[in-house]
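Chemist: This is what each chain is made of:
There are 2 protein chains.
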Amino acid sequence: MLSKEEIVEYFKSLQDDICRQLEGADGTGKFEEDLWERPGGGGGRTRILQGTHIEKGGVNFSAVHGTLPEKISKALNVSEGNFLATGVSIVQHPKSPMVPIIHMNVRYFELSDGSWWFGGGIDLTPHYIVGEDASYFHKQLKSVCDKHHENYYPEFKQWADDYFFLKHRKETRGVGGIFFDRLSAKNGFSKEERFAFVKDVGELFAPIYTHLIGKNKDLPYGEKEIDWQRLRRGRYVEFNLVWDKGTKFGLDTDGRTESILMSLPPLAAWEYSHLPEEGSKEANTLSKLRKGIDWINHKE
Amino acid sequence: MLSKEEIVEYFKSLQDDICRQLEGADGTGKFEEDLWERPGGGGGRTRILQGTHIEKGGVNFSAVHGTLPEKISKALNVSEGNFLATGVSIVQHPKSPMVPIIHMNVRYFELSDGSWWFGGGIDLTPHYIVGEDASYFHKQLKSVCDKHHENYYPEFKQWADDYFFLKHRKETRGVGGIFFDRLSAKNGFSKEERFAFVKDVGELFAPIYTHLIGKNKDLPYGEKEIDWQRLRRGRYVEFNLVWDKGTKFGLDTDGRTESILMSLPPLAAWEYSHLPEEGSKEANTLSKLRKGIDWINHKE
Chain V
259 MLSKEEIVEY
269 FKSLQDDICR
279 QLEGADGTGK
289 FEEDLWERPG
299 GGGGRTRILQ
309 GTHIEKGGVN
319 FSAVHGTLPE
329 KISKALNVSE
339 GNFLATGVSI
349 VQHPKSPMVP
359 IIHMNVRYFE
369 LSDGSWWFGG
379 GIDLTPHYIV
389 GEDASYFHKQ
399 LKSVCDKHHE
409 NYYPEFKQWA
419 DDYFFLKHRK
429 ETRGVGGIFF
439 DRLSAKNGFS
449 KEERFAFVKD
459 VGELFAPIYT
469 HLIGKNKDLP
479 YGEKEIDWQR
489 LRRGRYVEFN
499 LVWDKGTKFG
509 LDTDGRTESI
519 LMSLPPLAAW
529 EYSHLPEEGS
539 KEANTLSKLR
549 KGIDWINHKE
Chain L
259 MLSKEEIVEY
269 FKSLQDDICR
279 QLEGADGTGK
289 FEEDLWERPG
299 GGGGRTRILQ
309 GTHIEKGGVN
319 FSAVHGTLPE
329 KISKALNVSE
339 GNFLATGVSI
349 VQHPKSPMVP
359 IIHMNVRYFE
369 LSDGSWWFGG
379 GIDLTPHYIV
389 GEDASYFHKQ
399 LKSVCDKHHE
409 NYYPEFKQWA
419 DDYFFLKHRK
429 ETRGVGGIFF
439 DRLSAKNGFS
449 KEERFAFVKD
459 VGELFAPIYT
469 HLIGKNKDLP
479 YGEKEIDWQR
489 LRRGRYVEFN
499 LVWDKGTKFG
509 LDTDGRTESI
519 LMSLPPLAAW
529 EYSHLPEEGS
539 KEANTLSKLR
549 KGIDWINHKE
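Residue numbers (this note's numbering), protein chains in the order written: chain V, 259 to 558; chain L, 259 to 558.
Since the hints were derived computationally from the structure, they do not count as laboratory data.
Ideal Cβ placement from N, Cα and C applies to all residues, glycine included.
Here chain L is said to cover these stretches of chain V; the calculated rule only asks that three of the stretch's residues, wherever they fall, bring their Cβ under 8 Å from a Cβ of chain L: (1) 417-430; (2) 490-500; (3) 527-533.
Result set (BS3-like, lysine-lysine): computed pairs, CA atoms no more than 27 Å apart in a straight line: (4) L:Lys506 x V:Lys546; (5) V:Lys503 x L:Lys428; (6) V:Lys503 x V:Lys270; (7) L:Lys425 x V:Lys503.
I would like the entire structure built from these sequences, with the hints used as guidance.
Modeler: Here is the structure:
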């Protein structure tokens, strides 16, 4: 039977592995690490890289445990008791506006009453949507999902469309990806099977992002693209601070602020009622920030 | 008896008057106006200035009415029915880091069951806290409050300390100010008396900010001060998107997004675990972002 120690150790090694691969993709940047402890039990390793191609990249591992705070048991609608929450959480803000922002999270939660589940997701936020990259990204996700269950990709792709959505802008955060939560023993899955899926998702992240950096990092750009990148980063801030459940929850329950907010971009802009020129590539990107697009077969 | 039309007209004229004075203080910038309508009833006038000393300044007037949405009646803990909400809301982001950010809001709410109240506040967010300016600011507020009731300043000053607080940072947003809500006929006040106070608060805004711009706009600064300004603006974004009830509520109830988010700065930065040098003026400012400081008698 899969033990919690095994899952915690796996997430640690996943963090190590991803950091190594991201350093390789960046070329010069090295991760700096902060070890931290949670007063109520457990702690984490927050790692930040500021490099050549990755302007600000965070890879956080945490494993916290103790008595479940009442706020959390209410929000999760579970019984009180002892809990363990562990996972790896990543956001990368590239220097070039031609390289997309990416986010990945894999996590495991268990309660002393014996209940447990996995959750996570990957989503891509291009400053400029490139059909070929969006298609590549979704194909990779589908291929990993399909290995585990034929319903995974369609269900989790729709879940991501619904989750990574800025309701107040009526915009998706980017081209979506997959999102899943409360993957438990329901529907006949074993814990080992759920874990195998989560591992595959975690291990998919570095190859995908390394590919997208390599393909786009040398594309030319100027002031116009940087201005647009800053506005899109502003939207990223809006999503994370207004709608992202993990962020809100962490800030509301005395989580480690700097680890939670490592997802925020180095520099972001807001311009009142900004509207890109009709027919521009910025307007084209905006027009595609919609739910329900079949990115795998999408034509430019 | 004070009519709602009178209050609405007053807030319109207050917006006009403040915009005129801010244009004067800026010297070159002119407000641009967007008129907008709310599908459920009413609308507003959003005005934005991008000038020489004010980098991004918003002055919004709105008067919305109709059937009270259920989300709002629940949040306000009032009965359903028809409502009117009207007010003026202001945030000014100055170009110079030596000039403080300022916010002011005055508002009136009434329900078809006959209940009504006023709310509002002014608070100051210096990038660098200057004791003399904080003392001047609070003296002005106290003097206006004292004209109406001796309890107003101490009560509303503490309310501002508690309201303009970033719980996840354990920092106040700035040097506070005054905040008040649900000022009704309770405690023997007449509607005319409450309105007279709110008018005095509204009319205090322009002279205060004109003074603070004039005093500080020509002070020298460099890259270091601009970097710090951007980090402090990041905190302003955090407060508005995570904690400000008006912002959250507006975004959650399909308010006009661009009018709500006009409060966000033109450019903001986040740096992982930024800590100013010990003994620096940045560290001095950070150390004073606390509740309960008696700014009127504060010594540097």
